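Visitor: Protein sequence lines correspond, in order, to chains A and B.
Counted the way the UniProt record's numbering counts, the first sequence spans residues 1 to 453.
Counted the way the UniProt record's numbering counts, the second sequence spans residues 1 to 453.
Simulated from the structure, these hints should not be mistaken for laboratory data.
Be careful, since some hints might not be right.
Copies of the same chain look alike in the list, so a pair counts if it fits in one copy or across any two.
Simulated crosslink set (DMTMM-like; lysine to aspartate or glutamate; CA at most 20 Å straight-line) [stated by the list, open to error]:
hint: 1; residue 1: LYS198; residue 2: GLU168
hint: 2; residue 1: LYS356; residue 2: GLU274
hint: 3; residue 1: LYS198; residue 2: ASP208
hint: 4; residue 1: LYS193; residue 2: GLU75
hint: 5; residue 1: LYS356; residue 2: GLU19
These numbers come from a predicted model, not from an experiment.
2 protein chains.
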Amino acid sequence: MPEISDQDYSQLRLQQVNEALGSGMFVHVRKLLQDLPAYDLALLLESSPTKTRTVLWQLIDTDHHGDVLEELNEEVRKGILKTMRPEKLAEVTEGMDVDDIAEVLRALPDSVYRQVLNSMDSQDRGRVEQALSYEEDTAGGIMNTDTITIRADVTVDVVLRYLRLKGELPESTDSFYVVDRQDHFIGSVALAKLVTAKPEVGISALIDEDIQAVNAKLPETEVAQLFERYDWFSAPVVDDDGRLLGRITVDDVVDIIREEAEHSMMSMAGLDDEADTFAPILKSTQQRSVWLGVNLITAIFAVVVSNMFEDILSQLTILAILNTLVPSMGGVAGNQTLTLVIRGLALGHVGDSNAKALLYKELAVGFLNGVIWALLIAAVVGVWKQDMTLAGIIAFAMLMNMTAAGIAGVTIPLMLKRMKIDPALAGSVILTTVTDVVGIFAFLGTATLLIGY
Amino acid sequence: MPEISDQDYSQLRLQQVNEALGSGMFVHVRKLLQDLPAYDLALLLESSPTKTRTVLWQLIDTDHHGDVLEELNEEVRKGILKTMRPEKLAEVTEGMDVDDIAEVLRALPDSVYRQVLNSMDSQDRGRVEQALSYEEDTAGGIMNTDTITIRADVTVDVVLRYLRLKGELPESTDSFYVVDRQDHFIGSVALAKLVTAKPEVGISALIDEDIQAVNAKLPETEVAQLFERYDWFSAPVVDDDGRLLGRITVDDVVDIIREEAEHSMMSMAGLDDEADTFAPILKSTQQRSVWLGVNLITAIFAVVVSNMFEDILSQLTILAILNTLVPSMGGVAGNQTLTLVIRGLALGHVGDSNAKALLYKELAVGFLNGVIWALLIAAVVGVWKQDMTLAGIIAFAMLMNMTAAGIAGVTIPLMLKRMKIDPALAGSVILTTVTDVVGIFAFLGTATLLIGY
């Protein structure tokens, strides 16, 4: 009886392969790879340094190349596609789903792209070209065209006999689509309903009113939301005239949901969500340098602000020593609010109707936390330096900056969203600038006023 | 023909409700709420401040309460459950899936919990108690028990006649499970195969060998990985003896995948992934204070290190002004590596077999980026302060800290994982401490050696 109990099973297999590869046992590796499912092969490639990847790819059975390409992360796939000849590519794509072929072709240079298309048979080429006519990240781009359509005026018995004649259904078929003579989508009939209905019942009586058709132009993130909202397993895709084009199945949607959720985390660190963990060193260095450059400007900005208080800093070294404390705490607090709001925006929790309530709440949370940590830090500094004025100054700066952090954490992502800039990407840099500047001004500025000569 | 084109459709509906609520038009609100699906009602509650929530909950049709509870975020649900009487709760849970009832009951205080269970009929109570006997985040905790089982020795025709007699299948049934007389799981037969097979074919010939049974104790995150890996729509759940207990459907798995991916992002900011965006102010303040406290200790640690260099700081104010630059850049670079590794761990890309290769790569990336930004910052400082020694010192410190950031970004999450501590939660605090300390030591330490009196 097949049963899964060992969580590290696949990790172990990957290690075996790596070890065999390390000792140059290529025949053995080839044998090991033959038994692995495409998903594990993709994982293995993604988990290997670029040099090993090329070797592994050649050791993987050519019959599996198509399936593995389907599963691979975008950046890793691009790297592998570069090494393949066009004829080879055309051959590999033969068994692949239309949406996946389109995705592969999109990653190719124009000349290779045409060459691959030309070597397909005309029916396949037509289907792939249709898929390519939709934007990559839309319902049309992720749909498959292997739908089963039926007419509304036939009976259950007729459909069942037709299916038995057909002998096999497209992978993961859970429903059929009812269309008219012009291919307009009328409704969806669940396979489960078909088998429980009486043979003489008409198909039109079994249509599930809850299933809506999705326009081919709908962005894939919204398609994913619909699947989540209505617990769909699959959904029909139509053109602007309501003509059935294909269907989207939940397994593709699962990938979109994971990518979307990862996107926020990766963007907040200035990384691409398709970033290759084992990218070549020069490529990684280059990819990271933009973000580091932006952050350097922010950091220099904070230095310029500190420089405005050169006088007081030269008079009291303790101010220089304590100067990082308030900006640092403001940054952490602001980042908490920012993260909460970014998730809220992604889930649709935060919009115009409740932005004010959220701002008020986070301002209050920031103020209250400001009071707590202002008192604590005042106590620490007071005891350490026996200087009540200094304790008061840092407490005041802390309270100011924590409150500012709450306000900035809500307003910055909302403003960025209105300007159509990704809040996850730009939010944290801008927030840090605000909390640095407010923190330094509040601390050193107050100090200049109260204890400067 | 139903078709969706407006992405802001549901956001608009939510706004309508809010406006009507604001002007006290409760009857109108009740009517608006009646037309919304459970998912949207849950979204509306999650998007409302706590006070509004209580009002909204009372305006939602009692018949929908169960469905909405199923969809709600954990923390929001707990808040609402607190306001409900036990008899009411027992009534509401009647139409719910067993796994969802178990989840609701887990959130209740013991006395209420027993009261709700006692008011169920004995069959329901038995099923819920079984679900409760499994850990919350395991296959047993998320499965449903409404499976359809068949015997291996019957023919397709017999099964089809049985289904027609039954008249209705459990929601989202895409396959049947073949069991022996002792309920041991033998295999799975796809509905799609059943309808295309000849009536006289035996069920045993249709069993899909690719579908594996999942042990009820398997953690839900691993269940989700299996669904992703094999593109399952549903999977059978068995006990240690291989007896069929229930099934898991992909719609529950989608929620797990989203939660898991969100978990990393939220943890990195010290937030719970089930955090309620509109939690009461005092509750939010309290939840955030732990994280802020930990970060205060980190920040004070950096102050203590700076304090060790009081002498040189009092001699040269410019050092105090530039002191934040190196730690700040190191923190950003280290955080990039950390985020990449945390995602790699979550996806299973990073393990013992390739940790060394990754460390080498990130060290090289850190060093190269260190060279770039060291040269740049040396040029800026050199031009600004006309001081080549100072420029050299800050360049050296930058190179050191960026390299250290690369090493720390890989080793910290891997060490935390080995110690069974969540790298997403603890990683960034520890990393920042390292980059702060290394940055300050490298900058002020070198300055003390080279230009201190």
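Visitor: For each hint, tell me whether it holds in the structure or not.
Guide: Status of each hint after checking the structure:
Taking the closest pair of Cα atoms, LYS198 and GLU168 come within 20 Å of each other only across two copies (11 Å); inside a single copy the shortest separation is 22 Å, beyond that limit. Proximity of LYS356 to GLU274 under the C-alpha cut-off of 20 Å is found in neither arrangement, the shortest distances being 35 Å within a copy and 22 Å between copies. Proximity of LYS198 to ASP208 under the C-alpha cut-off of 20 Å is restricted to the intra-copy arrangement: shortest distance 16 Å within a copy versus 27 Å between copies. In this assembly of identical chains, the alpha carbons of LYS193 and GLU75 never lie at most 20 Å apart, being 42 Å within a copy and 37 Å across copies at closest.
Taking identical chains as interchangeable, the C-alpha atoms of LYS356 and GLU19 lie at most 20 Å apart only when they sit on different chains, with a minimum of 14 Å there against 58 Å within one chain.
This entry does not satisfy hints 2, 4, going by the numbered hints stated previously.
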